[in-house]
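Sequences are here, hints too, so could you generate the full structure?
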Amino acid sequence: MNIFKTKLFYKYSRNPLSVIGLSIVTFVILLAVFAPLITPYPEHVGPFTDFANKSKPPSWKYFFGTDKIGRDIFTRCIYGYRISLTLGIVVLSIAAPIGVTMGLCAGYIGKKTELVLMRITDIFLAIPALVLAMSIIGLLDRPNLLYTMIAVSMAWWPWYTRLIYNLTRSIKTEGYITAAEIMGASKIHIMFREILPNCLPSLLTKITLDLGFVILVGSSLSFLGLGAQPPTPDLGTMVAKGASLLPDIWWYSLFPGFAILIVVLGFNLVGDGLKDMFDVDV
Amino acid sequence: MSMYKKLLKIKDLELSFKMYEGMSYILKKINLELDGGEKVALVGESGSGKSVTTKLILGLLNQKNVYKNGKIIFNNRDILNLSQNEFKKIRGNNISIIFQDPMAALNPVFKIKTQFHEVNLNYSNKISKKDSYIRSCNALEKVSIRDPERVMESYPFQLSGGLAQRVVITMAMINKPELLLADEPSTALDVTVQNQALDLMDDLTRQTNTAVLLITHNMGVVRKFAEKVYVIYRGVIVEEGTKKQIFDNPGHPYTNALLNAIPKLSGEGLPKHDENPPDYGLIPKYTHKSQ
Amino acid sequence: MIKIDNISKKFIIKNNVIHALQNINLLIEEGDCYAIVGESGSGKTTLANIILGIYKQDKGKLWFHEQEVKKYRSIKERKFIQFVQQNPTSTLNPKKTIRSTLALPLKIHSIVKNIDLDNKIKELLSYVGLNSDFMTRYPDTLSGGQKQRVAIARALASEPKVLILDEPTSALDVIVQAKVLNLLLDIKKKFNLTYVFITHDLSVVRNIANKLVVMNQGKIEEQGETKDVFSNPKSQYTKELINAIPTVLESEDKLKPSLD
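Residue numbers (our numbering), protein chains in the order written: chain E, -7 to 274; chain C, 642 to 932; chain V, 1109 to 1368.
I should point out that these hints are in silico values taken from the structure, not numbers from a laboratory. It is possible that some hints are incorrect.
[What the hints assert, rightly or not] Per the computed footprint, the stretches of chain E lying under chain V, defined by three or more beta-carbons under 8 Å from a beta-carbon of chain V, are:
id, segment
1, 26 to 35
2, 161 to 170
3, 186 to 193
[As the list claims (entries may be wrong)] Just a sample of chain E residues kept apart from chain V, beta carbon distances all over 10 Å, derived:
id, residue
4, Ile21
5, Arg111
6, Leu137
Glycine included, each C-beta is placed from N, C-alpha and C at the ideal position.
Below you can see the structure in the form of structure tokens.
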């Protein structure tokens, strides 16, 4: 089935911004996937030093310039996208299933389940994501990327619970749910095979929008030193390291910062496009 | 017959929507006329285009993918392509509408008195809340609502279906419009209440000489209420005549199919239906001779 | 076959007590097409929901084949009473194909082996006059009448003995309604079913039901054989209901009872 010819794509592309967003996201994904092939200095990603070429401004040899120990910033930005996208995918792969399952159970199983699950959710929702993530990382050993991912997932799942809980509550009054109950379908079947498919438009939209935000939160944590540790090329860390060198050595912070901006913007535009296309509210 | 007597004249009206799958032809050159004070029914099933006709009369279809053609002449003026500002002057004043579900027509978060006030502002945009209240109470009393103050202070959900529809009808008629559009006004109501609503509409419109265009799929309602009938099938008017002509001597096979499909009180069994009905739109229109 | 034994139910909404059903006693026998007639607020839908196990009655008992039936039902108990809803738009899951919708009851009640699933689904569709092309379609491409036919096929899938039909044709156009009603009668004969037909439409009742009960605000106004109730209605409310029917023939007008 040719995706571009479907009715769905037609509806999606009515807004030019959505198409721009989709192009940005596709571009970033391609960059990340093919990083070893397109970057000029893939060896600069690992432990590498070249003090002869340190802090060089952008040139034809080093597109984005070099950092304090001579590594090519352009190469490290592209590899940085790998880290960002991995972060986004892993976090949401943990947060979404947990949140969705809890939301379905809270919305459908019964009053007692609803009470317990939603109170737990409310507690987590009351704490700002960044603060919660920081506390969790603080409790663990030395900070690293894995811990960052776990921490952000813990801060993220309640939002899915809330979304799915609300959707479940309205969907469960629909005729086809009653029909399935009368037929003798089990609660598990009804939650996952009848209700969940009807939540997909909202769910997919939210996941897309969240990818951008997770990357932003992850970068903020890295900026504070709580994310990926050197020599891993993480965009947030790079911005942090270059912050003290501004404004003279501007290229060290600007390009990674810009890279973050582009990817978050892309996901936001795609998310908005999906929101319009599916006509949902997340 | 002088043109000035015709309150509403729809001439060769066409309507299509541009969709992803292609063009969708909803109305295919329909013609319809209404005299001042006349009660006309436009009867058809779902998909016939009867409801969009009212939307066109009120200027409510203006999206990019809507294509309109033909004329809607109201009071000697073609209103098909008027601006929204012009329509605002006409709506609620010269042309009023009642919908199928009174609860959908009434805003659930405002009291009845507030909603009446909005309607009264169409009549005179300087009317005070106090005068508006009095005007509305008088109108409610005239329709045999004995405790108008209680109704005015209520929210829509506190009223029964029948009472809500009476309120909606009163609101629609309070500014004495020249034309009342009634889109399936009794379908959401219980049968006993349905007749009361129709009687009320009949009564009020007679007092103010308001013409009524009744949109419905129910032939029984048509028989009770209308003087003249247009039968519409998939965007085409297939029969036109007075009530007596249509019910005593239906001319078009579609009208016959509609009448036959209704289960009868005599209990002779379920109506038989045609397994492979023809495309009724291809059979030429049947116009009864005018009297 | 189904005995409603002194059933009452009330609802409490915002400090208002609504007596939806008060001491209802009915007997529905095998092979009946039993109509429950009433306007909104009569309690007819509440009664249907109790029979289906959606609500639990406050007082009284429900009997099916001389066994008492409670709200909680096992899968075996669910098999025998199925239903068709009023609103064709919401009765089918928009995200499931027709095949998937029909396969569900077949799987739950193990009607056929998995290999024979597709054949059985085609068979069900043929009972309701739809060809096998419909299997891969989604509900949003079907008309109201077609959706109701699928709903009927789904109800038949578990091989029930009783069908509860809650205003199954009220949302349909009159010509489509005639087709679906005829279909329902054919199926009743073919599979020897008992129908409980809930409606406000007396003209339909007159031609499809052999027995009826008229309900008004939770109480029984009148019950009996259809032809008796129509030719000789005893309650004033019943007379008003019959009188209010929007008839289309003069001959029908004459059949209406006079109101005192």
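Hints, one by one, checked against the model:
| no. | hint | in the structure |
| --- | --- | --- |
| 1 | 26 to 35 | violated (count 0) |
| 2 | 161 to 170 | holds (count 4) |
| 3 | 186 to 193 | holds (count 4) |
| 4 | Ile21 | holds (27 Å) |
| 5 | Arg111 | holds (25 Å) |
| 6 | Leu137 | holds (37 Å) |
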